[in-house]
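Using the hints, position chain B against chain A.
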Amino acid sequence: MQIFKRKDLLGLEELSKEEIEEILFTAESFKEVSTREIKKVPALRGKTVVNLFYEPSTRTRVSFEVAAKRLSADVINVSIETSSVKKGETLIDTGKNIEALKADIIVIRHGSSGAPAMLARHLKANVVNAGDGWHEHPTQALLDIFTLKEKKGKIKDLKVSIIGDIAHSRVARSNIWGLTKLGAQVKVCAPKMLIPPGIEKMGVKITNDIENALNDADAVNILRMQFERDEKAAFPQELEYFKTFGVTEERLEKAKKDIIIMHPGPINRGIEISSAVADGERSVILEQVTNGIAVRMAVLFLVSQSQEQNHEDHN
Amino acid sequence: MKTKRILSQEDIKRTLTRLTHQILEKKTSSDGVVLIGIQTRGVHLAQRIQTIIREIEGIKVPLGALDITLYRDDLTTVGSSPVVKKTKINFDLNDKEVILIDDVLFTGRTVRAALDEIMDFGRPKSIELLVMIDRGHRELPIRADYVGKNIPTSAKEQIEVRLKEIDEQDEVVIIEKQ
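One line per chain: the protein sequences are A and B, in this order. For what it's worth, the working numbering labels the leading residue of the first sequence as 3, then goes sequentially. For what it's worth, the working numbering labels the leading residue of the second sequence as 22, then goes sequentially.
Okay, chain B solo, but in the shape it has when bound:
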């Protein structure tokens, strides 16, 4: 197994700052903007973005967590048996501008599940997608609105976004499986 680091802690910090500025530039106002992170690392990224928005705008935008396990399309396939984590959206989603946040965009199936789940909470004005890494290989017509870094990968490779909230340190690595 070969591991190569693509982004360092400093890179991740700068990327998140840029992505946050992109959101704010596009929105003209953070009014009505809500962040929803996909469990687990998407939630931590969303928290960091919430902090950066507060530093820039002085406003604490609402933050929710989404666990998409129960909406997966592979629950009935062999050997998935995922662990169900918590969904926590303590605010009204109707007419909100949702920024959906995840660490890696790959097949697009997680995002499809997240969109379905969000719709069960209400009717947002819009939903945009922010990902740290877009590694390609989409299986559904889904694209991200804000991308930290595009990394073309092969099927043998695996991308890991590591965040110090749960991992040892901040970094993005590419792992090549033998």
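If we strip away everything but chain A, and leave its shape as in the complex, we get:
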């Protein structure tokens, strides 16, 4: 029997170690499907998955779309420009309208933290968080952890450094929750102003020195520097950032030989990562993309199964 019994996947904060491990284990099974000649299984046949995206996204949306299609679900993509007024009301109304179309699973990305949770509370459909504000991006963290586990054989006691804009990153937050629950030692590295106050309470070490972040790490997760998100003045210049925090071949010389380089993409060559590192042997960036499909298939499958249990409760 499944351990994961939730109707929704909203974040990794509320998940137990066992639930995370089950998602990873299930994803291992799903990875095989994409290697078949017929890359499809009938598990979600007759189900409808709606990708509801309030923020522009190509890779996450495409990844969810491919995942749903490989499970034989029907997929509908809805992109909505965030309207600034009455966001909450509009969101629930939109959700109810989508549910009235008999959607079974809603994958939502939203600029506001907590939007997926609010939607989940109001709908019977399964809700999967595809990124909400600065809060969480659980499937990205799960695919990062899946890739790391595949490469290193375990997560426990691994040293993982997350480098970049920690303050505004839902990817960082979800990774920290997931990695620490599975027993990894996490270090965050960024300029002082991009380290959110109180982050050490999540059980991570903090450094402002890139060498320190790289030296003893088994893996690094390099975040995209999102200069467009905030007033440009708040950030160091791009070149300045590359000089101080960019991950380059020279900086990796002192690192462990088998360090793995992760990045959620899309990468900014010459800002947070050099081209040589991004394309180098230690980079698993494209494998992360492949694994993302397996992880999202697992998540869609697991939430769809738990919904049935909810129905049982209601009967």
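It cannot be assumed that every hint is accurate.
[What the hints assert, rightly or not] Distance condition first, Cα-Cα at most 25 Å in a straight line; then the derived BS3-like pairs of lysine-lysine: (1) A:K156 x B:K109; (2) A:K258 x A:K154; (3) B:K170 x B:K48; (4) B:K106 x A:K42; (5) A:K156 x B:K107; (6) B:K109 x A:K41; (7) B:K109 x A:K153; (8) A:K154 x B:K109; (9) B:K170 x A:K9.
Just so you know, the hints here were simulated from the structure itself, not pulled from any lab data. As the structure is a prediction and not an experimental result, all values here were calculated from the model.
Same frame as chain A, but now just chain B:
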């Protein structure tokens, strides 16, 4: 709950040897024969049969594992929530003579799912079914080509094939639920 042993470790060993001989007799050659076990116990039985074929013929026939969870017809029914295990078929199935292996044949629904999944991997020349126990109560037009033992059961009874790879010991038991 009443438990009765039907087959012992020695019985299971002898039965598997007989079934393997039956396969080889029918096939005249183990060329083109592949074994596919259904997770979990079918895979262990398939491994044992692979070993026996090697002892007799000196050939290691290809072996695959099939998890049929994603092909089940009851995924949308109440409270199933099965655990997804691994499917692993690392060889070409086209024009192969597949021996599909499971521990117990009951409703036939697992086999239906397995047939659909195998077809997604290619077009085998033939598929035959081998089961350790056929307990009856079929709900689909499916029958086994090689049967270890036919055991007529009532709906209240449950058959467990226990294998030492995952269980404590080799045995087949019939359990009567109150």
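Could you work out which earlier hints the structure fails to respect and list their numbers in ascending sequence?
Of the numbered hints, just 9 does not hold.
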